[in-house]
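Student: So the chains spell out like this:
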Amino acid sequence: GQQLNQSPQSMFIQEGEDVSMNCTSSSIFNTWLWYKQDPGEGPVLLIALYKAGELTSNGRLTAQFGITRKDSFLNISASIPSDVGIYFCAGKETSGSRLTFGEGTQLTVNP
Amino acid sequence: DAGVTQSPTHLIKTRGQQVTLRCSPKSGHDTVSWYQQALGQGPQFIFQYYEEEERQRGNFPDRFSGHQFPNYSSELNVNALLLGDSALYLCASSLWGADYEQYFGPGTRLTVT
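Chains L and R, in that order, are what the protein sequence lines are. When we follow this note's numbering, the leftmost residue of the first sequence carries the number 1, and every step to the right adds one. When we follow this note's numbering, the leftmost residue of the second sequence carries the number 112, and every step to the right adds one.
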């Protein structure tokens with residue numbers, strides 16, 4: 001089946017720094033999504049990308065849908081303590097509704 | 112505007128037992144998907160329901176079954192529980208035809224002893 005490789009697995013940064021994480025796939029997706037999950041909670045949708053090459057922002061978050069449709073990245077600018085959590089990428093296949101998730105990036109922000 | 116709700120929050124069961132988890136979708140949504148999230152991993156797709164029918168299924172055994180009701184709410188049933196079924200079970204709701212954006216509930220934490 002499809003696999004998503006998400007990196008890095010974890011990041012430890014200082015407040016105010018920028019963060020970058022990415023996902024690569026062995027197959028093509030027609031939609032990329034980025035979620036954030038806090039402990040004991042469900043994932044919360046941050047950004048959705050629908051077209052190859054698309055660059056979308058949501059406040060301090062910026063995500064891009066790779067040209068090959070097999071990768072995506074998420075940037076967080078000027079990190080703050082509440083950015084702490086696990087970030088997941090997810091891809092949706094051309095047919096069907098299944099979301100395939102990456103393994104997650106654990107972000108820690110030191111004040 | 113009510114978001115996705117799930118019940119119960121936590122559940123402890125014994126091996127071999129059966130469990131039923133419940134989900135109410137976000138207001139205006141008609142499609143429910145279920146995911147299993149093991150500790151330290153990303154969610155894994157179990158199946159999706161629309162118009163009270165299973166529309167797509169992931170790589171899970173027949174012990175996992177579901178149902179969708181006319182009001183769009185859904186249940187996930189797991190029979191003959193195994194220790195490996197311990198996980199966070201997430202429900203996601205969406206609008207059929209626009210199901211690229213799925214919104215998750217808080218999940219049900221199932222522990223099998």
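Hint data in this document are derived by calculation from the structure and do not stem from the laboratory. In this text, a Cβ means the ideal position worked out from N, Cα and C, and glycines have one as well. Any given hint might turn out to be false.
If we take Cβ atoms under 8 angstroms as the criterion, some of the chain L residues that face chain R in the derived model are [what the hints assert, rightly or not]:
hint	residue
1	P39
2	I47
3	Y50
4	E54
5	F73
6	S97
Examples of chain R residues lying across from chain L (beta carbon under 7 angstroms, computed) [stated by the list, open to error]:
hint	residue
7	Q167
8	P172
9	G208
10	Y211
11	E212
Student: Against each hint, give a clear statement of whether it holds in the structure.
Tutor: Hint-by-hint comparison with the structure:
1. P39: violated (11 angstroms)
2. I47: violated (10 angstroms)
3. Y50: It holds, given that the least Cβ distance between L:Y50 and chain R is near 7 angstroms, below 8 angstroms.
4. E54: violated (13 angstroms)
5. F73: At 17 angstroms from the nearest chain R Cβ, L:F73 fails the 8 angstroms test, so the hint is violated.
6. S97: Hint on L:S97: holds, closest Cβ of chain R at ~4 angstroms, below 8 angstroms.
7. Q167: holds (5 angstroms)
8. P172: violated (15 angstroms)
9. G208: violated (10 angstroms)
10. Y211: OK, holds: R:Y211 within 7 angstroms of chain L, min 4 angstroms.
11. E212: With a minimum Cβ separation of about 5 angstroms from chain L (threshold 7 angstroms), the hint on R:E212 holds.
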